[in-house]
Structures are given as C-alpha cells and as structure tokens.
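Student: Spelled out from the first residue to the last, the chains are:
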Amino acid sequence: TQLLEQSPQFLSIQEGENLTVYCNSSSVFSSLQWYRQEPGEGPVLLVTVVTGGEVKKLKRLTFQFGDARKDSSLHITAAQPGDTGLYLCAGARGTSYGKLTFGQGTILTVHP
Amino acid sequence: EAQVTQNPRYLITVTGKKLTVTCSQNMNHEYMSWYRQDPGLGLRQIYYSMNVEVTDKGDVPEGYKVSRKEKRNFPLILESPSPNQTSLYFCASSLVGGVTQYFGPGTRLLVL
Numbered sequence: 387t388q389l390l391e392q393s394p395q396f397l398s399i400q401e402g403e404n405l406t407v408y409c410n411s412s413s414v415f416s417s418l419q420w421y422r423q424e425p426g427e428g429p430v431l432l433v434t435v436v437t438g439g440e441v442k443k444l445k446r447l448t449f450q451f452g453d454a455r456k457d458s459s460l461h462i463t464a465a466q467p468g469d470t471g472l473y474l475c476a477g478a479r480g481t482s483y484g485k486l487t488f489g490q491g492t493i494l495t496v497h498p
Numbered sequence: 261e262a263q264v265t266q267n268p269r270y271l272i273t274v275t276g277k278k279l280t281v282t283c284s285q286n287m288n289h290e291y292m293s294w295y296r297q298d299p300g301l302g303l304r305q306i307y308y309s310m311n312v313e314v315t316d317k318g319d320v321p322e323g324y325k326v327s328r329k330e331k332r333n334f335p336l337i338l339e340s341p342s343p344n345q346t347s348l349y350f351c352a353s354s355l356v357g358g359v360t361q362y363f364g365p366g367t368r369l370l371v372l
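Those sequence lines, one after another, are chains A and B. Numbered as in my numbering, the first sequence ends at 498 without a single skipped number. Numbered as in my numbering, the second sequence ends at 372 without a single skipped number.
In short, the hints are calculated from the structure, not lab data. Just so you know, not all the hints are guaranteed correct.
[As the list claims (entries may be wrong)] Calculated pairs, DSS-like style, for lysine-lysine (alpha carbon to alpha carbon, straight line, at most 30 angstroms):
1. K317/B <-> K485/A
2. K443/A <-> K317/B
3. K278/B <-> K485/A
4. K485/A <-> K329/B
5. K442/A <-> K456/A
6. K331/B <-> K278/B
7. K317/B <-> K456/A
8. K485/A <-> K325/B
All chains should be modelled from the sequences, with the hints used to inform the complete structure.
Tutor: Written out as structure tokens, the structure is:
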C-alpha cells in the first residue's frame, strides 16, 4: 500500500492547457515536497510546503498544501512542451526530514 | 561545482556476487540517503544517514547495507544481490533540517 497516492499516473495534454496533479495520504506530513525528474537524471526539487493551507507559486506552477497536511496539489497553467517530465511528490514525517516517502509519480507529456 | 556523484552509473552482475555502489557529495551535507526507483512505485527510501556513524532504515532496507564513516561518502552495499534488486538507484544529500535534497545521476543495476 502506497503511503502517498499520486494521481493521475499519466497525463497527456496539448500545449496551452491547464492541469492539476494530486498527492493524497491518510497520514499527516510535517512537510511536502514536489520534484521534477527528466529521463536519465535524478529528481530536482521544485518546492517545499510546510504549513497547512500554504500556497506557493513558481511561475506557471502553483503548489498547495492541504489544511490538514495530508494532501497537496500541483497546478500548471498554460502548459508548455518544456513542462514534460515525471513529477513526484514526497512527504516528510517528523521534524528531522530524515524519512521521506514518495508518491508513484505522474508522467506528464505536453504536445506542441 | 556542487554535486552528488555515484559510481558506477551502470552495472550488470550475477546473483550472489557482492557489490558496492559509491556515493559522494561535496556540499558538506550532513544528511544522505539512498533510494530505488521502480516503474509505477516512485522512489522508495532504502537507508538514510543524519550524520557520520548515524544510519537508519527507510521503507525497503532488506538486502542492503550502508555505512557512513566519512561525511562526504555513503556507499550502498549489496552483500548477495538478487534479481528483485534490479532497479535504478539514487543517492541524495541535504543539510540536516533542510528540505532541499540534491540527487545524484542514478545507478542502473541489473542482477541476472
């Protein structure tokens, strides 16, 4: 059983469309991170959210942490082909950030 | 250049033949971690280390060993590899208490 359920697993859209990726759990996390991974490379951190209800924006990407700190979402506005990649959410339990649990990932393909 | 390096990048071995995958970081990070990535399962944490001589199990530690004798190095040891350990392995590091994890380029392992 996956502690962090990420959906959808696959997303194929046209350039200019909006999309949302969800990361849900029954557990409470002290913080939640979003990563993007390109083929042949390691994940790269996009953002970390730590406060329930927190919203962070990174250009066309909007990240939200649920009020109860059990879920998070990533919204991309006007997707571009350069957004194509694997998006991963990861939750930290406790205050040391030592134990990190990842979702299964969402493979996003944005067609020109 | 700040980076996490892993060696080897690709490895083919046979069941039962001990192997070590090295990980080194040059950012003076106290925290280091190993993950394996399998299709549909995202990244799963194998072991992590909060500091020299301090290691702890992640979610899938069976069949793996680690050591942290120096701050910069965190080798992953497979004493008797089995085919179910065929996977893509990532090493990561970060400051203790920080949330930005820097990932290495990955090691693709095939156990025959």
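Student: Please flag the earlier hints that this structure goes against, numbers listed from lowest up.
Tutor: 2
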